[in-house]
Amino acid sequence: MGGNPPDTWQTHHGAEVQTQYIGPGFTESLHDLYVEEGWYELFTPELLQTVSHDGVPHMVLINLHRSNILWYNKPLLIEHAVRVGETLSYDELFEIADHLQNSGVAALCMGDAGIWANGIMFENTLVGVMGPERYLGLWEGTTAFTDADIRQAITTYSRLLDYLNADHAALSWDQAVDKLLDGGCAFYSMGDWAYGELTQAGMIDHEDFGWVPHPGTENTNILVTDGFTLAKGAPNPEAARNMLRVMGQRAVQQEFNLLKGSICARSDCDRSAFSPYLQWAMDSYNTTVSIPTVVHGSAAPADFRQALNDALTDFVVRRDEEAFAATLAREAKASGFGQ
Amino acid sequence: MPTAAVRLWASRHKALIILVPSLLLTAIFVYGFIGTSFFFSLTNWRTLAVDLSLRDPIWQTYADMMAMPRFQADLRNTVVFTVLFIALAIALGLFLAILLDRQFKGRSFFRSAFLFPYALSFIVTGVVWRWIFNPETGINLFFDMLGINRGLEALGMDPLSPGWTTDPEVILSINQALAALWPGGASFQIEWGIPVALIPVAIAATWQLSGFVMAMYLGGLASIEASVRDAARIDGAGEWRTYRSVIIPMLTPITISTAIILLHVSLKIFDLVFAMSGVGPGFATDVPAIFVFEMMFTAARYNLGTAASIVMLAASCLVIVPYLIHTFKSRE
Amino acid sequence: MKGTHRILLWGVLGIALIFYALPVYVMVINGLKDATSVSLATMWTLPGKLSSGGFAEAWAMLSPNMRNSLVMVIPAALLSSLVGALNGYVFSKWRFRGSEVLFALLLFGFFIPYQAILLPLVRFLQWINLYGTIPGLVLTHVVYGISVTTLIFRNFYINVPNSIVEAATVDGAGVMQTFRKVMLPLSLPAFAVTLIFQFTNIWNDFLFGITVVPNPQSQPITIALNNLSGSFSVDWNVVMAGAVVAALPTALIYLGLGRLFVRGLVSGAVKA
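Residue numbers (my numbering), protein chains in the order written: chain U, 1 to 339; chain S, 1 to 332; chain X, 1 to 272.
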């Protein structure tokens with residue numbers, strides 16, 4: 001809403017920056033900066049497209065997060081004689097979950113005091129059940145919001161909700177990470193910003209915790225990014241440009257992402273400098289389809305995101321699958337999707 | 001030299017000029033803005049790009065809103081919260097005022113202590129109440145410490161550990177009764193009852209404002225003449241009876257004023273809920289003010305946000321306008 | 001009063017006191033803990049060792065916002081009180097046909113839920129280039145404060161005998177002169193009440209602060225405090241200490257000027 005925006009600000013790629021900032025004309029083109037810095041070659045065309053308007057980039061991306069990871073507490077699973085391979089199907093997950101539940105362990109972690117954490121699990125399940133092409137079709141108008149796959153995804157998601165830790169509504173997303181590493185619950189479907197929390201707590205990759213892609217999303221990377229734009233009419237455009245230049249530098253991105261627990265937006269960072277998980281994430285980013293997230297505003301504008309959050313808040317308690325599906329279809333139509 | 005009458009006439013006009021800036025500002029900032037909000041609520045404006053074309057049909061945003069489970073929950077919560085909060089705050093405030101309605105050592109200390117929360121902001125206290133009602137570590141620990149839970153377990157019952165603001169349950173639902181009364185009642189998407197999660201919020205609000213209620217009553221009690229109490233005593237009424245049948249009825253005007261002010265607080269309550277519980281599980285603690293805030297400032301659904309704000313305004317007017325009219329009529 | 005009665009009275013009041021002191025207790029003791037020993041699990045226990053706890057950090061983080069709040073609240077409280085005094089003077093001493101209706105229309109602004117004017121307000125402030133600024137907040141608080149300050153002054157001036165004003169007018173004093181020479185010197189108690197009332201209300205405001213000023217550096221302290229507890233990996237000792245810091249100015253006014261404070265809040269209630 002700002003009439004007097006700051007010179008530069010942080011946002012996410014895709015619909016958020018395109019509809020909220022670039023479209024209404026709040027941001028400047030960064031074409032000359034991209035040419036000067038050689039960024040057109042260093043960011044992949046897919047990424048460039050998500051920060052551009054009419055082919056002109058308006059944003060510098062600094063990092064890439066993967067949103068569809070199922071983290072697990074490794075010692076806890078070993079204690080309950082559960083082995084997890086490279087991937088996990090829904091059938092396998094539900095089988096393990098029943099086994100854990102019978103031993104009195106909450107199979108799934110959740111901290112949905114902010115409902116978006118549950119949104120991540122829903123989105124991951126939606127993509128896992130539909131597959132990336134049909135999911136993309138939702139936003140491109142080739143898949144209807146009344147699609148049977150959506151109902152199937154809602155049913156699967158609803159089953160997952162049966163296994164949550166009882167105090168999920170009292171916890172924030174990061175308190176649920178604490179619960180995972182304390183052994184209070186076993187699996188957590190969450191983006192890899194959770195990895196930052198895990199490493200900060202001194203947990204070691206493959207020893208204290210492990211990860212698999214959220215079931216069904218093995219070949220998909222649900223992408224969440226952070227980046228910066230240049231405000232139109234910025235009081236200090238040169239200072240802001242210089243800051244953006246710094247953000248785009250390889251050394252800076254490498255340093256920043258080592259701390260944040262995400263991978264570089266530039267494609268030329270040094271793989272060997274990163275930890276096992278981040279190396280895995282870099283490889284998977286290069287070999288999978290990247291798709292936009294609703295929860296973090298890349299796939300759909302703010303009005304639909306709010307509608308999804310509200311529908312989830314209602315569904316998590318009331319569990320009315322019909323009503324949830326109907327609300328999604330209605331709100332998508334109102335936001336201009338699926339026509 | 002002008003006559004006194006002419007001077008008085010001129011002075012009256014000067015006096016009017018003093019009012020002009022305030023009246024102008026009020027005309028713009030209160031009436032103009034309300035009108036503008038109302039207009040926005042009738043438009044298609046639901047993204048950051050301004051779209052002031054009128055919706056067709058024109059009331060569609062209001063119809064959509066009333067059909068939203070979230071907004072239905074908000075209306076329910078406002079009613080439940082208002083009743084709980086006003087009843088608790090008035091009962092506690094009156095009780096404290098009666099206790100303090102006598103001379104004894106420490107009286108002014110207690111009076112100050114009970115009123116103190118009113119000086120603090122809802123944001124400050126909301127943060128603290130969120131801790132106190134944390135189900136794992138907050139006030140529930142007292143049930144263990146005081147041995148209540150050991151007692152319950154000894155009796156073969158479950159230990160007492162309410163989820164407070166995280167409890168999605170709605171008790172005393174009247175949906176079936178509504179459905180029996182009116183066929184449309186079955187179509188409600190929410191439970192009409194008392195959301196358990198609202199109770200701690202009402203307690204926190206009571207904590208904050210019961211001291212204010214007490215101060216109002218103490219003011220009223222001070223204005224009751226000693227002769228009234230003496231007369232009651234001579235008639236042989238005990239203290240409790242004197243309060244119940246003589247003094248409390250005499251305080252009715254204060255009760256009405258206080259209830260109106262509390263109602264006004266509860267209809268627009270925002271900061272406390274925002275800091276303490278947010279929308280709550282299944283919207284158990286959501287209120288219209290938060291709905292408006294989210295629709296305007298996170299979802300950019302401006303028509304929906306303004307529509308909800310107009311409903312809030314209408315609810316306030318239902319109470320305030322008759323009260324203002326009554327106040328001014330009785331003065332003339 | 002009999003001894004047993006008094007003990008009973010003290011007992012009941014003591015229980016009430018625990019309820020009223022509980023949040024303050026939690027706020028202060030957790031603010032005094034250091035970052036490693038503050039947690040939900042130990043929220044009721046006293047700090048193990050004596051230290052400044054989260055206060056140093058809370059002060060460092062919140063003092064710029066504290067300054068914003070002061071820069072906002074002082075002019076806003078003064079201006080709205082002054083305008084209220086002038087209006088109250090006219091509405092009580094220069095009544096004319098329709099003045100009661102105008103007064104009621106003005107007073108209505110005190111009772112509206114501000115959500116109903118929020119979006120136009122933000123657009124308007126953007127239009128006049130005051131959006132996101134402290135002067136924008138001052139203007140907002142002055143405008144929406146006028147109704148209640150007018151009410152308080154009108155109720156105060158009504159008890160000033162009309163004969164004083166009439167005498168001044170007969171002596172040839174104009175409207176403003178009468179206000180300055182006759183009314184203002186009498187108005188100190190009413191100013192004290194409105195200033196305290198407005199100071200408390202504006203200091204404690206959250207809605208206008210969060211919607212009119214999105215930039216964290218320019219936000220008032222209530223919003224900064226809420227941001228502290230909303231961010232990731234929260235240091236709770238800092239939040240609790242911050243709550244104490246944010247509450248300090250109004251708490252001090254209350255403790256120092258309690259009687260005037262009470263009068264202020266009772267006058268905020270429309271009296272028939």
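One or more hints might be untrue.
[To be verified] Pulled a few chain X residues facing chain S out of the computed Cβ check, cut under 8 Å:
| id | residue |
| --- | --- |
| 1 | Arg6 |
| 2 | Ile7 |
| 3 | Leu9 |
| 4 | Pro23 |
| 5 | Val26 |
| 6 | Val28 |
| 7 | Ile29 |
| 8 | Trp44 |
| 9 | Thr45 |
| 10 | Pro47 |
| 11 | Phe96 |
| 12 | Leu107 |
| 13 | Leu121 |
| 14 | Asn226 |
It is worth saying that the hints were derived from the structure and are not from the lab. Where is the CB? At the ideal position from N, CA and C, for every residue including glycine.
Tested hints:
{"no.": "1", "hint": "Arg6", "result": "6 Å, holds"}
{"no.": "2", "hint": "Ile7", "result": "11 Å, violated"}
{"no.": "3", "hint": "Leu9", "result": "6 Å, holds"}
{"no.": "4", "hint": "Pro23", "result": "4 Å, holds"}
{"no.": "5", "hint": "Val26", "result": "5 Å, holds"}
{"no.": "6", "hint": "Val28", "result": "10 Å, violated"}
{"no.": "7", "hint": "Ile29", "result": "11 Å, violated"}
{"no.": "8", "hint": "Trp44", "result": "7 Å, holds"}
{"no.": "9", "hint": "Thr45", "result": "10 Å, violated"}
{"no.": "10", "hint": "Pro47", "result": "15 Å, violated"}
{"no.": "11", "hint": "Phe96", "result": "6 Å, holds"}
{"no.": "12", "hint": "Leu107", "result": "7 Å, holds"}
{"no.": "13", "hint": "Leu121", "result": "6 Å, holds"}
{"no.": "14", "hint": "Asn226", "result": "5 Å, holds"}
Consistency note: the structure conflicts with the earlier hints numbered 2, 6, 7, 9 and 10.
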